[in-house]
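Chemist: Chain by chain, the residues:
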Amino acid sequence: MATDDRFTRDPQESDEDELAGTRSEIIAGPVRDWATDFSHLEPEWSTDPYAIQDDLRRRCPIAHTERFGGAWLPTRYEDVASIAYDTDRFSSRSIILSNFRPPPELAPIGGSPPISSDPPFHHDARKLLLGAFTKQTIGRQEPATRAFCHSLIDSFSGQDVVDAARDYAQHIPVRVIANMLGFPPEDGPQFREFVEDLLEGINLPPDERVERVQRLFEYLLAQVHDHLDSPRDDLTTYLINAELYGQKLPPDVVTGAMALLLIAGIDTTWSAIGASLWHLAKTPGDRERLIAEPGLLPTAMEEFLRAYAPVTMARLVKEDMHWHGVDMKAEDWILLSFPAANRDPAQFDRAGEVVIDREANRHAAFGLGIHRCLGSHLARMELRIALEVWLERIPAFTLDDPAAVTWSAGQIRGPRTLPLRIG
Amino acid sequence: MKVHINPELCQGHGRCYDLAPGLFGDDEEGYGQVLGDGIMAPEAEHDARLAVLNCPEHAIELLEES
Numbered sequence: 006m007a008t009d010d011r012f013t014r015d016p017q018e019s020d021e022d023e024l025a026g027t028r029s030e031i032i033a034g035p036v037r038d039w040a041t042d043f044s045h046l047e048p049e050w051s052t053d054p055y056a057i058q059d060d061l062r063r064r065c066p067i068a069h070t071e072r073f074g075g076a077w078l079p080t081r082y083e084d085v086a087s088i089a090y091d092t093d094r095f096s097s098r099s100i101i102l103s104n105f106r107p108p109p110e111l112a113p114i115g116g117s118p119p120i121s122s123d124p125p126f127h128h129d130a131r132k133l134l135l136g137a138f139t140k141q142t143i144g145r146q147e148p149a150t151r152a153f154c155h156s157l158i159d160s161f162s163g164q165d166v167v168d169a170a171r172d173y174a175q176h177i178p179v180r181v182i183a184n185m186l187g188f189p190p191e192d193g194p195q196f197r198e199f200v201e202d203l204l205e206g207i208n209l210p211p212d213e214r215v216e217r218v219q220r221l222f223e224y225l226l227a228q229v230h231d232h233l234d235s236p237r238d239d240l241t242t243y244l245i246n247a248e249l250y251g252q253k254l255p256p257d258v259v260t261g262a263m264a265l266l267l268i269a270g271i272d273t274t275w276s277a278i279g280a281s282l283w284h285l286a287k288t289p290g291d292r293e294r295l296i297a298e299p300g301l302l303p304t305a306m307e308e309f310l311r312a313y314a315p316v317t318m319a320r321l322v323k324e325d326m327h328w329h330g331v332d333m334k335a336e337d338w339i340l341l342s343f344p345a346a347n348r349d350p351a352q353f354d355r356a357g358e359v360v361i362d363r364e365a366n367r368h369a370a371f372g373l374g375i376h377r378c379l380g381s382h383l384a385r386m387e388l389r390i391a392l393e394v395w396l397e398r399i400p401a402f403t404l405d406d407p408a409a410v411t412w413s414a415g416q417i418r419g420p421r422t423l424p425l426r427i428g
Numbered sequence: 002m003k004v005h006i007n008p009e010l011c012q013g014h015g016r017c018y019d020l021a022p023g024l025f026g027d028d029e030e031g032y033g034q035v036l037g038d039g040i041m042a043p044e045a046e047h048d049a050r051l052a053v054l055n056c057p058e059h060a061i062e063l064l065e066e067s
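From first to last, the protein sequence lines are chains A and B.
Per this note's numbering: the first sequence = residues 6 to 428.
Per this note's numbering: the second sequence = residues 2 to 67.
Source of the hints: derived by calculation from the structure; they are not laboratory data.
We put the beta carbon where it would ideally sit given N, CA and C, even for glycine.
No false leads were slipped in.
The calculated DMTMM-like cross-link candidates involving lysine to aspartate or glutamate, where the alpha carbons are at most 25 Å apart (straight line), are: (1) A:Lys140 / B:Asp27; (2) A:Lys132 / B:Asp28; (3) A:Lys140 / B:Glu29; (4) A:Lys140 / B:Asp19; (5) B:Lys3 / B:Asp19; (6) A:Lys253 / A:Asp231; (7) A:Lys253 / B:Glu30; (8) B:Lys3 / B:Glu30; (9) A:Lys132 / B:Glu30; (10) A:Lys140 / B:Glu62; (11) A:Lys287 / A:Asp406; (12) A:Lys132 / B:Glu29; (13) A:Lys132 / B:Glu9; (14) A:Lys132 / B:Asp19; (15) A:Lys253 / B:Glu29; (16) A:Lys334 / A:Asp93.
Listed next, with one range per pair, are the computed distances between beta-carbon atoms: (17) B:Pro8 / A:Glu30: 42 to 52 Å; (18) B:Ala42 / A:Pro125: 35 to 45 Å; (19) B:Ala45 / A:Pro124: 30 to 40 Å.
Next up, chain A with everything else stripped away, as it sits in the complex (with noise of 0.2 Å):
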């Protein structure tokens, strides 16, 4: 059994720099006006985020808000593109918007590499996982996935009416996942706690923050012991033994990207999904198109990207400037809207209706620049299997009661509650 230095120190050391950034003041409660006080985390915001978009795009395209320290929300295609193409004057070193910024110091490699790095670490970083991410390498996922998916389906039997985010979409990213970093399956609800942990819950004292990713860092690193005691094929093996610059990778470098892999694709893929099935269940004319013609089915979804795109990003602010009509400071968040740029009707027609023929979409759900999202042919096979195959399975699904469905507050937007009738 090989032994490997890099991983023997105590975890607890290596978080000393996590702790030495800044930290300012939690501001919760209701928004009052949307343009000067916003905040992605109320729940006006979560149940229906377009409403608010389309206000600041027609009067403020850009908004801004004290709370986190400062933050602006541009809400034009224009802007949020130039934004995800600027890596100079903006900066990935902390991808989610919090009370917490990280040391300065932290940058170009930032805490999840490569989602959190700048140029020019980023493209060195992003370089070494590209090829376990392409589509064809993607493309053998694709058996398993589906089997997965029937299964999920096979244990509704008898019911008339399931939740499809928590008993359906939930289920495929993390089994997905488990499976390509080699973690057990048997752990998938303890990654929905780490999901939680890391994206929602903003608003927690940071200090209870730190705590909880700590826990997250603390089972990536038992992992990795794992690894090296029985080294196999999978992505976790590959991280370990990846080469940068000649050298193995500094530790942190291997959770981090670890941490990255985990948690980018569990909640935005289920969002996806789900997000995709209420659609359908509320729409019966694109749900009854999407049995007549199947072949539609990769069209439609790149709508459901578009229309209902789960993710949004953030970066910091380099240096003052003056842009796009606006003073913004160092160290101010942007919380980068990729939803708010799809709906943009400069950029899109129709764009505020679900068209699932559209031919012409060029959406940026899954980010614009350097930094497109490196498990997009991941998540576009999982969606196009769930849909796929719930739609050759359940054709038939409505709402059971629209106002039991429930979304995820912060940066990731999808249904965590569903509750759709099947029989």
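Please build the complex by placing chain B on the supplied structure of chain A, with the hints as guidance.
Modeler: Only chain B this time, still in chain A's reference frame:
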């Protein structure tokens, strides 16, 4: 007509090789590649335009052959 991918702009979204697999493929990192010399038959033009209209990075160009 000829298709061209600007490698400076391509980020590997893969819309081109999803929508027009007869014209585009990917490299080992998932970036789009024009298959062959990029010169296409008139019947392939619809697929080529579809790829152009769905590339989020505006990385694909259709060039009139001179």
